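Build the full structure now, drawing on both the sequences and the hints.
So the sequence lines, in the order shown, correspond to chains E and X. Heads up, this note's numbering is the position in the first sequence plus 20, with the first residue counted as 1. Heads up, this note's numbering is the position in the second sequence plus 4, with the first residue counted as 1.
If you're looking for bench data, these hints aren't it; they were derived computationally from the structure. A couple of the hints might just be wrong.
[What the hints assert, rightly or not] With a straight-line cut-off of 25 Å between C-alpha atoms, the simulated SDA-like cross-links for lysine to any residue are:
id, chain 1, residue 1, chain 2, residue 2
1, X, K143, E, K65
2, X, K143, E, M100
3, X, K143, E, A212
4, X, K143, E, I48
5, E, K65, E, A44
6, X, K143, E, R189
7, X, K233, X, E213
8, X, K143, E, G101
9, X, K143, E, T49
10, X, K143, E, S94
11, X, K143, E, G109
12, X, K143, E, T76
13, X, K143, E, W29
14, E, K65, E, S214
15, E, K66, E, E242
16, X, K233, X, R180
17, E, K66, E, L206
18, X, K143, E, L124
19, X, K143, E, E242
20, X, K143, E, Y45
21, X, K143, E, R41
22, X, K301, X, K233
23, X, K143, E, Q42
24, X, K143, E, I106
25, E, K65, E, T76
26, X, K143, E, L206
27, X, K233, X, V270
28, X, K143, E, A44
29, E, K65, E, A212
30, X, K143, E, T110
31, X, K143, E, R108
32, E, K65, E, Q215
33, X, K143, E, R34
34, X, K143, E, V38
35, X, K143, E, T32
36, X, K143, E, Q215
37, X, K143, E, R187
38, E, K66, E, R187
Predicted, not measured: the structure shown is a model, and the values here were computed from it.
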Amino acid sequence: MSTAVTQTWYMTQRQLMVFTRQPAYAIITLIQPVIWLFLFGGLFKKVVELGGFGTTTYLTYLVPGVVAMSALSSNMWAGMGTLEEIQRGTLNRFLTTPVSRAALMNGNVVNNGLVTAFQSAVIVLLGLAGGADYPGGVGGVAILVLASVLLGTIFGALSNALGMLVRERESIIGINTFLLLPLTFLSSAFMAPSQMPSWMRHVADFNPLNWAMVAGRSALSEHPDWNAVLGRGGALLVLAVAAVWLSIRAFRSYQRSV
Amino acid sequence: MSSTRAPAVEARQLIKTYPGDVTALNGMDVTVEPGTVFGLLGPNGAGKSTTVKILTTLARPDSGTAAVAGHDVLRHPDRVRRAIGVVAQGSGADPVATGRENLRLQGRLYGLTGAALDLRVDELLDRFGLADAGRRPVKGYSGGMRRRLDVALGLVHRPEVLFLDEPTTGLDPEARTAMWDEIDRLAGEEGLTILLTTHYLDEADRLAERVAIVDRGRVVVEGTPDALKGELRGDAVHVELREAVGEGGRTLLDGALSGLPGLHEVLVDGRRVSVRADDGAAAVPALLAALERAGVKVAAATVARPSLDDVYLRYAGRRYSEAEAQSDGGLVLAGGAR
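Printed below as a string of structure tokens:
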């Protein structure tokens, strides 16, 4: 067991290097959130006057949505990295060593989780610098970050599974571009649920991206609705476990197809 | 004595098919004695890489048995993994990490830590001429440096059996010669068994003590390069024709040439006629005259000492370059996932 844990850490470290050694990459991933928060947020500043947002400023309302969006959009490309490792021969090299098979998969999950947590925290701080306020305090921020990590785990694991099963970039690119905008707009990221057309609001209830936003937004508010937080958070956890299970299945299927 | 020890690699009747009814292995047998260099020679898609994947626990055969370093690959893959080093066609060193970091991680996966790990990594970097480059990210390495790092990665834990899958494919001639020298040095190391696959005839000839020629998923002939070449009596005479002959012309040529003294094994293959002759140079005039009588125009004639190419032609029934060209089509897919 302890070997598997140590080896998971080796694998995580290895993957983290991609992020830490290429600061430009880390900065690029923050460009989009900055645009959403400050350009989009500035442009639509007044929508908050429509009411139903539950926050005093639009920026405060936007932060949880942008955190969840970037968790989604950065993790859904995880499969590209896995695909590259397969094509480069890295994965097969590890498979011929005695390394724990679980460590190979866990390394991905832990790495994606750490990177997502870091990005989420930076976005929260950017919001703070721009004047957003978080009545829910540090505990609320922690819940938002946790929810975005779970969301990232779901889409990271699905993307990895896809990469291992279909093994072509085009499929990942296709599915991601197909999913990203609908998932984003069928959520409460930009608009208070009470202001959304009712069919969109109902669809959003089934959108995991929305679950992360609702849980995080509620935890950050002055009077969190803990039932909503636990309900959405629990659902995210269940989906994350299911997605990781699926990616383990995909990994086994990859091993059989070598 | 090595002859009384168990083989380092022993595979029996391996069969492996991939989805789409592609037969990659069709009764593959390989035995490698400990401490020797064994070459699997064949064109792309012949089944070399699939064999290596099974022997290195990456893939499972549909049927057949295989043991490496005395451990069954199916029942005790973990023991096999500890005993082997693998240098695949793409070993995939991490491009963002330095050479040293790649080696350190590889060592850790085998349980090396602390001073022992540091020592081993330094030793390998020195030995493979990467002492300075070891501090730089791998993405800046040349092809030859990457390949040397790949080999070093396979040696980190001092394996008993080293698999080299096409070690010089894609290298420039200079890097290729350097890699050959390196493999020669490895072969001299006590107790290390090397199984290498190659589609270069000269490479197998140069490096391997024993060679198995693989064609369409099984071994067609095996022996020392000298013995294989020795089985072909005399010289090889190759005649290039102006135009290819069809089935009819082939029988005609066979008839015209079979009566000539000192000639054996006439093989007509499109525009090429290959003949074995006790004395190549002496046979050429009579051969050319016979071809002229048969009404065939000759473009060129060469005489050569037997090469592994001739061995391949004889046992696989087709010329090596032709098998290579064919494999660029469907057979490459037979290798399955890269």
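Consistency of the hints with the structure:
1. X/K143 with E/K65: Violated, because 46 Å separates the two Cα atoms, which is more than 25 Å.
2. X/K143 with E/M100: holds, 18 Å
3. X/K143 with E/A212: violated, 47 Å
4. X/K143 with E/I48: holds, 21 Å
5. E/K65 with E/A44: Cα-Cα ~30 Å, so violated.
6. X/K143 with E/R189: holds, 21 Å
7. X/K233 with X/E213: Measuring from Cα to Cα gives roughly 13 Å; hence the hint holds.
8. X/K143 with E/G101: This hinted pair holds, its Cα atoms lying about 16 Å apart.
9. X/K143 with E/T49: holds, 22 Å
10. X/K143 with E/S94: holds, 24 Å
11. X/K143 with E/G109: Answer holds: X/K143 to E/G109 is near 15 Å, not above 25 Å.
12. X/K143 with E/T76: Between X/K143 and E/T76 the Cα gap is close to 50 Å, so the pair fails against 25 Å, i.e. violated.
13. X/K143 with E/W29: holds, 23 Å
14. E/K65 with E/S214: Distance ~17 Å between E/K65 and E/S214 Cα, so the pair holds.
15. E/K66 with E/E242: It holds: about 22 Å lies between the C-alpha atoms, which stays within 25 Å.
16. X/K233 with X/R180: Holds. X/K233 to X/R180 sits at ~24 Å (cutoff 25 Å).
17. E/K66 with E/L206: With Cα atoms ~21 Å apart, E/K66 and E/L206 stay inside 25 Å; holds.
18. X/K143 with E/L124: holds, 22 Å
19. X/K143 with E/E242: The hint is violated at about 50 Å.
20. X/K143 with E/Y45: holds, 16 Å
21. X/K143 with E/R41: holds, 12 Å
22. X/K301 with X/K233: Roughly 30 Å between the alpha carbons, so the hint for X/K301 and X/K233 is violated.
23. X/K143 with E/Q42: At roughly 13 Å apart (the allowed maximum being 25 Å), E/Q42 and X/K143 satisfy the hint.
24. X/K143 with E/I106: Measuring from Cα to Cα gives roughly 17 Å; hence the hint holds.
25. E/K65 with E/T76: holds, 11 Å
26. X/K143 with E/L206: Distance ~41 Å between X/K143 and E/L206 Cα, so the pair is violated.
27. X/K233 with X/V270: It holds: about 17 Å lies between the C-alpha atoms, which stays within 25 Å.
28. X/K143 with E/A44: This hinted pair holds, its Cα atoms lying about 17 Å apart.
29. E/K65 with E/A212: holds, 13 Å
30. X/K143 with E/T110: OK: X/K143 and E/T110 at ~14 Å, within 25 Å.
31. X/K143 with E/R108: holds, 12 Å
32. E/K65 with E/Q215: holds, 15 Å
33. X/K143 with E/R34: holds, 15 Å
34. X/K143 with E/V38: Within the cut-off at roughly 12 Å; holds.
35. X/K143 with E/T32: Between X/K143 and E/T32 the Cα gap is close to 20 Å, so the pair holds against 25 Å.
36. X/K143 with E/Q215: Roughly 51 Å between the alpha carbons, so the hint for X/K143 and E/Q215 is violated.
37. X/K143 with E/R187: holds, 23 Å
38. E/K66 with E/R187: Measuring from Cα to Cα gives roughly 46 Å; hence the hint is violated.
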